[in-house]
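Q: The task is simple: from the sequences and hints, build the whole structure.
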Amino acid sequence: MTLALAEIRRHPGRFAAVTGALALIMFLVLVLAGLSDGLWYGATGAIRHTDADLEVFSVDSLHVLTRSNLAGSDADRVRAVAGVADVGAIGVLLAPASVGGAVRDSALVGYAPGRPGSPPTIVDGRLPSPGEPGVAAADATQRGRLRLGDTVTVEGASQPLRIVGFVDDARFQLLPTLWTTVDSWRTIRDQVRPERRSREATVQALPVRLAPGADPAQVARAIDATLGSTTTVPRDQAVLAIPGAAQMRATFAQIIVTTFLVAALVVALFFALLTVEKRTLLAMLKALGAANRRLAGGLLAQALLASAAGLVLGGLLAVALAALLPATFPVLLRAPTAVVLIVAALLTAATGVALSLRRVTRIDPALALGGIQ
Amino acid sequence: MTSTMTATAVAVQRVGKVYGTGHTAVAALTDATFTVAEGEFVALVGPSGSGKTTLLSVIGALLRPTDGRVHVGAVDVTALSRREQTAFRALRIGFVFQSFNLVPFLTARENLTLMAAFAGRSRRDAGRRADELLDELGLAERRHHLPEQLSGGERQRIAIGRAMFNDPPLILVDEPTANLDTDRGRQVVQLLAREIKQRGKAGIMVTHDVRMLAHTDRTLHLLDGRLTDRAPEAG
Chain V
1 MTLALAEIRR
11 HPGRFAAVTG
21 ALALIMFLVL
31 VLAGLSDGLW
41 YGATGAIRHT
51 DADLEVFSVD
61 SLHVLTRSNL
71 AGSDADRVRA
81 VAGVADVGAI
91 GVLLAPASVG
101 GAVRDSALVG
111 YAPGRPGSPP
121 TIVDGRLPSP
131 GEPGVAAADA
141 TQRGRLRLGD
151 TVTVEGASQP
161 LRIVGFVDDA
171 RFQLLPTLWT
181 TVDSWRTIRD
191 QVRPERRSRE
201 ATVQALPVRL
211 APGADPAQVA
221 RAIDATLGST
231 TTVPRDQAVL
241 AIPGAAQMRA
251 TFAQIIVTTF
261 LVAALVVALF
271 FALLTVEKRT
281 LLAMLKALGA
291 ANRRLAGGLL
301 AQALLASAAG
311 LVLGGLLAVA
321 LAALLPATFP
331 VLLRAPTAVV
341 LIVAALLTAA
351 TGVALSLRRV
361 TRIDPALALG
371 GIQ
Chain W
1 MTSTMTATAV
11 AVQRVGKVYG
21 TGHTAVAALT
31 DATFTVAEGE
41 FVALVGPSGS
51 GKTTLLSVIG
61 ALLRPTDGRV
71 HVGAVDVTAL
81 SRREQTAFRA
91 LRIGFVFQSF
101 NLVPFLTARE
111 NLTLMAAFAG
121 RSRRDAGRRA
131 DELLDELGLA
141 ERRHHLPEQL
151 SGGERQRIAI
161 GRAMFNDPPL
171 ILVDEPTANL
181 DTDRGRQVVQ
191 LLAREIKQRG
201 KAGIMVTHDV
211 RMLAHTDRTL
221 HLLDGRLTDR
231 APEAG
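In the order they appear, the protein sequences are chains V and W. Residues in the first sequence are numbered consecutively from 1, following the numbering used here. Residues in the second sequence are numbered consecutively from 1, following the numbering used here.
Calculated from the structure, these hints are not laboratory results. These numbers come from a predicted model, not from an experiment. Glycine included, C-beta positions come from ideal geometry on N, C-alpha and C. One or more hints might be untrue.
[Unchecked claim] One-sided excerpt, in silico: chain W residues whose CB lies under 10 angstroms from chain V:
no., residue
1, F95
2, A117
3, T219
A: Set out below in structure tokens:
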């Protein structure tokens, strides 16, 4: 180990190439992971970041919120099912909305305040109260263009919505998202989409919170049996059904795995070349009595140190980039993701260098004699 | 040169080494037998390809012979496993290589203390031992210098200190003067001979330089893989 560390300390330039390459690779991986997380969180927050355990959709919706349609009165029937603690309501309207003349595609989410499916994290102001008309909470990424008290008008609606608060991680399909009461949402929806108007008050899904100890699968079956034309799934499954979200995440994961493979090859190639270059020195050390284990451990330590330095540099670059980007840009650097990537990067480096360890063990110590160069 | 020879330090018994098999087999060493006593410094000479390096490698537990046995002290080095050979070399054999072969990114002192790590000795004792040796070799002022900051003679003296570091009973020396001018080469071999005598080691030195034979107790001649009684005729 002392040998390996001394070489890095006294010949740092020798390891600059691999550290630089790994820094760039880690920067790329972290930015890709940040984009993946940012897009995932932005696309799914409205469903994922709630306290609902189950989501009830109409049976023909394939668990897609915008395709689902349920009677509002179904909530009372679900509430009566054994194992259900509480039931909320969710409806989504995708439509342009204007703030001070600037129009943007937006998502208007109707929910039942205080019931399952409500956005849980208020970062400023408050949520609409039950039955309170004409107000909304905006998702926190809009704080740059909206302030408390501003009004937002959904194109086609007769009344604007006044912003009373901001909620975190509450976007739907990466759109600027407004949360209003389900009654307010229904009023606006009927004005904007008159073809969706019906005699009975409708919602699109029913978020369900389970009673303590209730079996989710059993309760889901009981709900579907009670309503007859619904499909009830765990919240995570409903999140995966959001159009494009799962595919987007899988694509980024594949790119990240491929990038890690490149990192492993870079490490493997670098240390293979280093081993060849140091063949004479390694043979001499083995002749002097250095065990293969010691030399291999040194090589592994060097790979891990070079990778750690690359990680730090790449991480700093990624953090600097994320700090420079506007809040609306979907890059989200999360500590849990970073920890997973750091561990994966170190394992990648160890795997890469493992390909060179055999070269070390195969060096013949007898090469040290006879004046080989 | 006089010597006070005592017990046998190295016993080479009918050692042979064949490289390759079948039609491509080449006998590099045939039926080599000799002993070296404690405190004895023996020169091993012969033309290129005569088997000097092969014989030194077999004695140094770097190469397994095809036939025969080599005992260093009471240990039959030819019967050791690879792992045992590695540990044996660290503790019981000191090497001085042809091309100085110091670790380029370690200081003079660290090149010595490195041997303690190989032998599993404590770092504290290692520092003290290294300082003693560097003092004795006249290199105390150069202890924190890297090899590239040392002259050829100084580097070879560090290599001698490294060979002595773990106090092994056997010192194997491979062409120690190959990269030195005559005066420096002579000084290095004189130093080697003195250290081997004073410390009661056995020493075997491969050399092409006949001028250095005066500093050894005995000369073994190798020709075509066989030990001979006298030097092969020139030409």
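Q: It remains to establish, for every hint, whether it holds in the given structure.
A: To see whether the hints hold, each was checked on the structure:
| no. | hint | result |
| --- | --- | --- |
| 1 | F95 | holds (6 angstroms) |
| 2 | A117 | holds (6 angstroms) |
| 3 | T219 | violated (19 angstroms) |
Hint 3 from the list above is the single one not met by this structure.
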